[in-house]
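Per our numbering, residue -1 is the first one in the sequence shown, and the count goes up by one each step.
Be careful, since some hints might not be right.
What the hints assert, rightly or not - Under the rule of at most 27 Å between Cα atoms (straight-line distance), these lysine-lysine pairs were calculated in the DSSO-like manner: (1) Lys4 to Lys48; (2) Lys4 to Lys97; (3) Lys104 to Lys4; (4) Lys178 to Lys48; (5) Lys2 to Lys178; (6) Lys144 to Lys23; (7) Lys97 to Lys178; (8) Lys177 to Lys4; (9) Lys104 to Lys177; (10) Lys177 to Lys2.
Claimed, not checked - Simulated DEER-style distance windows between Cβ atoms: (11) Leu179 to Ala14: 14 to 24 Å; (12) Leu176 to Tyr136: 35 to 45 Å; (13) Gly71 to Lys177: 31 to 41 Å; (14) Leu179 to Leu127: 35 to 45 Å; (15) Leu179 to Leu102: 16 to 26 Å; (16) Gly64 to Ile160: 44 to 54 Å; (17) Met63 to Lys177: 32 to 42 Å; (18) Phe78 to Pro153: 18 to 28 Å; (19) Leu55 to Lys177: 21 to 31 Å; (20) Thr103 to Gly138: 48 to 58 Å.
Hints listed in this document are in silico derivations from the structure and should not be mistaken for laboratory results.
Glycine included, C-beta positions come from ideal geometry on N, C-alpha and C.
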Amino acid sequence: MAVKTKDMILVALFAALTAVGAFIKIPTPVVPFSLQYLFCAYSGILLGAKRGFYSQLLYMSIGLMGFPIFTNGGGITYIFQPTFGYIIGFLLCSYIIGKFTERLTKITITGLFSSIVAGMCAMYFCGILHLYIIMNFYLGKTMSVKAAIITGIFPFILTDLIYSLLIAVTAAAIVPLLKKLGLVGI
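Given these sequences and hints, build the entire structure.
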């Protein structure tokens, strides 16, 4: 299978947008608010499962190579940050959103919102699991599963659901147009 130039450009574009989203942030004690999730979700919808996944993999790879494109920097040691699980979750999030969106027979706000929430749940699962492991086994700070959920989900769920609805509404309006132009992967 040959990789098209258009695909490489779109993958790189969404990796860059996710990086930009990391710098639009509101710091909080453990997990900061940022716009990364917004661009991750759009990558799944607009690029499809495979290219959306690759865009997030590229984002993660560039950050792990040492470029400071994550919310708190970059480099291979970033895997020991309590928030790195969310970056891993971006891969699953984008893939799941893309896969569910590809299977929609009709692009609707409800269908898109359901796809986005499914991806968001995968992102949260990875984030919470990594947060729990790093806090307990690397940083040596005792954190229960309940505390990991409270710390890693509750402060962000309302904002992420609002983002999800915003993404679903805007995508429902623009995906049909982009599809006609051959610019979306679904």
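Hints and how they fare:
A hinted pair counts as satisfied when its Cα atoms are at most 27 Å apart, and Lys4 with Lys48 qualifies at roughly 14 Å. For the hint linking Lys4 to Lys97, the alpha-carbon distance of about 20 Å falls within 27 Å, and the restraint holds. As the CA atoms of Lys104 and Lys4 are separated by approximately 25 Å, the hinted pair is consistent with the 27 Å bound. Proximity of Lys178 to Lys48 is assessed by CA-CA distance (about 20 Å); at most 27 Å being required, the pair is judged to hold.
Note on Lys2 and Lys178: the hinted pairing holds, with a Cα-Cα distance of about 18 Å set against a maximum of 27 Å. Taken as a hint, the Lys144 and Lys23 pair is honoured in the structure, with Cα atoms around 25 Å apart against an allowance of 27 Å. Proposed proximity of Lys97 and Lys178 is supported: the alpha carbons are some 20 Å apart, at most 27 Å. Under the criterion of a C-alpha separation no larger than 27 Å, the hint pairing Lys177 with Lys4 is consistent with the structure, at around 14 Å.
Note on Lys104 and Lys177: the hinted pairing holds, with a Cα-Cα distance of about 12 Å set against a maximum of 27 Å. Annotation: proposed proximity of Lys177 to Lys2 holds, straight-line Cα distance about 17 Å (limit 27 Å). Distance hint for Leu179 and Ala14: a CB-CB separation of about 21 Å, consistent with the stated range 14 to 24 Å. At about 42 Å, the beta-carbon gap between Leu176 and Tyr136 stays in the expected band of 35 to 45 Å.
For Gly71 paired with Lys177, a C-beta distance near 38 Å keeps the hint of 31 to 41 Å intact. Look at Leu179 against Leu127: about 39 Å separates their beta carbons, and that is inside 35 to 45 Å. At roughly 19 Å, the beta carbons of Leu179 and Leu102 sit within the given window of 16 to 26 Å. For the hinted restraint 44 to 54 Å between Gly64 and Ile160, the CB-CB distance of approximately 34 Å leaves it violated.
One distance hint, 32 to 42 Å for the beta-carbon pair Met63 and Lys177, holds here, with the actual separation near 34 Å. For Phe78 and Pro153, the Cβ-Cβ distance of about 22 Å falls inside the hinted range of 18 to 28 Å, so the restraint holds. Between Leu55 and Lys177 the CB atoms are about 24 Å apart, so this pair conforms to the stated range of 21 to 31 Å. Here the CB-CB span from Thr103 to Gly138 is close to 51 Å, well matched to the stated 48 to 58 Å.
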